[in-house]
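Novice: Oh and the first sequence: position 169 is 169 in the working numbering, straight run, nothing missing.
One or more hints might be untrue.
The following label-pair restraints were derived from C-beta to C-beta distances [what the hints assert, rightly or not]:
id: 1; residue 1: 19; residue 2: 63; range: 22 to 30 Å
id: 2; residue 1: 14; residue 2: 91; range: 47 to 55 Å
id: 3; residue 1: 144; residue 2: 58; range: 19 to 27 Å
id: 4; residue 1: 128; residue 2: 17; range: 29 to 37 Å
Listed below are the simulated DSS-like cross-link pairs for lysine-lysine, each with C-alpha atoms no more than 30 Å apart in a straight line [claimed, not checked]:
id: 5; residue 1: 76; residue 2: 55
id: 6; residue 1: 76; residue 2: 132
id: 7; residue 1: 97; residue 2: 65
id: 8; residue 1: 65; residue 2: 12
id: 9; residue 1: 97; residue 2: 132
id: 10; residue 1: 55; residue 2: 65
id: 11; residue 1: 132; residue 2: 12
id: 12; residue 1: 97; residue 2: 76
id: 13; residue 1: 12; residue 2: 76
id: 14; residue 1: 97; residue 2: 55
id: 15; residue 1: 65; residue 2: 76
Simulated from the structure, these hints should not be mistaken for laboratory data. Here a beta-carbon is modelled for each residue, glycine too, at the ideal position from N, C-alpha and C.
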Amino acid sequence: MINLSSQASRRKLRSVFDDLSRHHGPQYWWPGETPFEIMVGAVLTQNTAWSNVEKAIGNLVARNKLDAAAIVAARKDHLAGWLRPSGYFNVKAARLKNFCRWYLEAGGYEVLQQVETGALRQALLGVNGVGKETADDILLYAFDRPVFVIDAYTRRLFARLGLFSGDEDYDAMRLAIEQVLGPDVPLFNEYHALIVRHAREICRVRPRCSACVLQPRCPASQ
DNA sequence: ACCCAGGGTCATA
DNA sequence: TATGACCATGGG
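Input sequences plus hints: build the corresponding full structure.
Specialist: Below is the structure:
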């Protein structure tokens, strides 16, 4: 990893954000009406296109099952059926049940909002099916905690900008960026949203534009 | 037909 | 600690 404490790296991280922000405008993330819906979406979007997640959440809403107690009470095969469009539906049915069981036993949103960020992160990581990125999505977007989410796009972008080698440990990369840019919840929120937006709506339409550095096999970055 | 998606777990070495 | 197999639908 390069020296992120240098002024050059700091300015680079800022200027990339400014460019993305000017280009795309505000993103209003995370899509979802409530913190609980954001948490459900974070689990369902694991390695999955958001358009498919929306269908699964739509199924839950249509059956009045977008609720932790209802999900815990539901039969697993029924839940899997509702989650089918989001892929990995058997795995995700189990994961979502695990998460909801923990969420209820922990006391729900108001209680969890009182928990210190590091402890809350550890608790989330203790849920089978919640890994680091999912936990950080939940911390940042459902609990408004100053956590920088590291996903595959973020690794590619920062690696190809020369800020990282790309294969750093997740938390080493996260902490380094958090030190340089934050703590700043609105900035972390918008930065991650812009990176995903940039990959989703530009690179596919114009595969040779500079944004294609976010794609797995970018001809302009190898 | 192929590639990819807003990952994570588990078994194995 | 570090790979590899596995999970699975839907859009480009």
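Novice: Now look at each hint and say whether the structure bears it out.
Specialist: Comparing the hints with the structure gives:
The given range of 22 to 30 Å is broken by residue 19 and residue 63, whose C-beta atoms sit roughly 43 Å from each other. Distance hint check for residue 14 and residue 91: the Cβ-Cβ separation is about 39 Å, which falls outside the suggested range of 47 to 55 Å. At about 26 Å, the beta-carbon gap between residue 144 and residue 58 stays in the expected band of 19 to 27 Å. For residue 128 paired with residue 17, a C-beta distance near 34 Å keeps the hint of 29 to 37 Å intact.
A hinted pair counts as satisfied when its Cα atoms are at most 30 Å apart, and residue 76 with residue 55 qualifies at roughly 18 Å. Note on residue 76 and residue 132: the hinted pairing holds, with a Cα-Cα distance of about 25 Å set against a maximum of 30 Å. The straight-line distance between the Cα atoms of residue 97 and residue 65 is roughly 12 Å, inside the 30 Å bound, and the hint therefore holds. For the suggested pair residue 65 and residue 12, the alpha carbons sit about 44 Å apart, so the restraint of at most 30 Å is broken.
Taking the CA atoms of residue 97 and residue 132, the gap is near 18 Å; set against the 30 Å cutoff, the hint holds. Straight-line distance between C-alpha atoms of residue 55 and residue 65 comes to about 14 Å, which keeps the hinted pair within the 30 Å bound. With a CA separation close to 25 Å, the supplied pair residue 132 and residue 12 stays within the 30 Å bound. Only pairs whose Cα atoms come within 30 Å are accepted, and residue 97 paired with residue 76 is accepted, the gap being roughly 8 Å.
This hinted pair does not check out: residue 12 and residue 76 have alpha carbons roughly 47 Å apart, beyond 30 Å. Between residue 97 and residue 55, the direct Cα distance comes to roughly 18 Å. Compliance with the 30 Å bound is thereby established for this hinted pair. This hinted pair checks out: residue 65 and residue 76 have alpha carbons roughly 13 Å apart, not beyond 30 Å.
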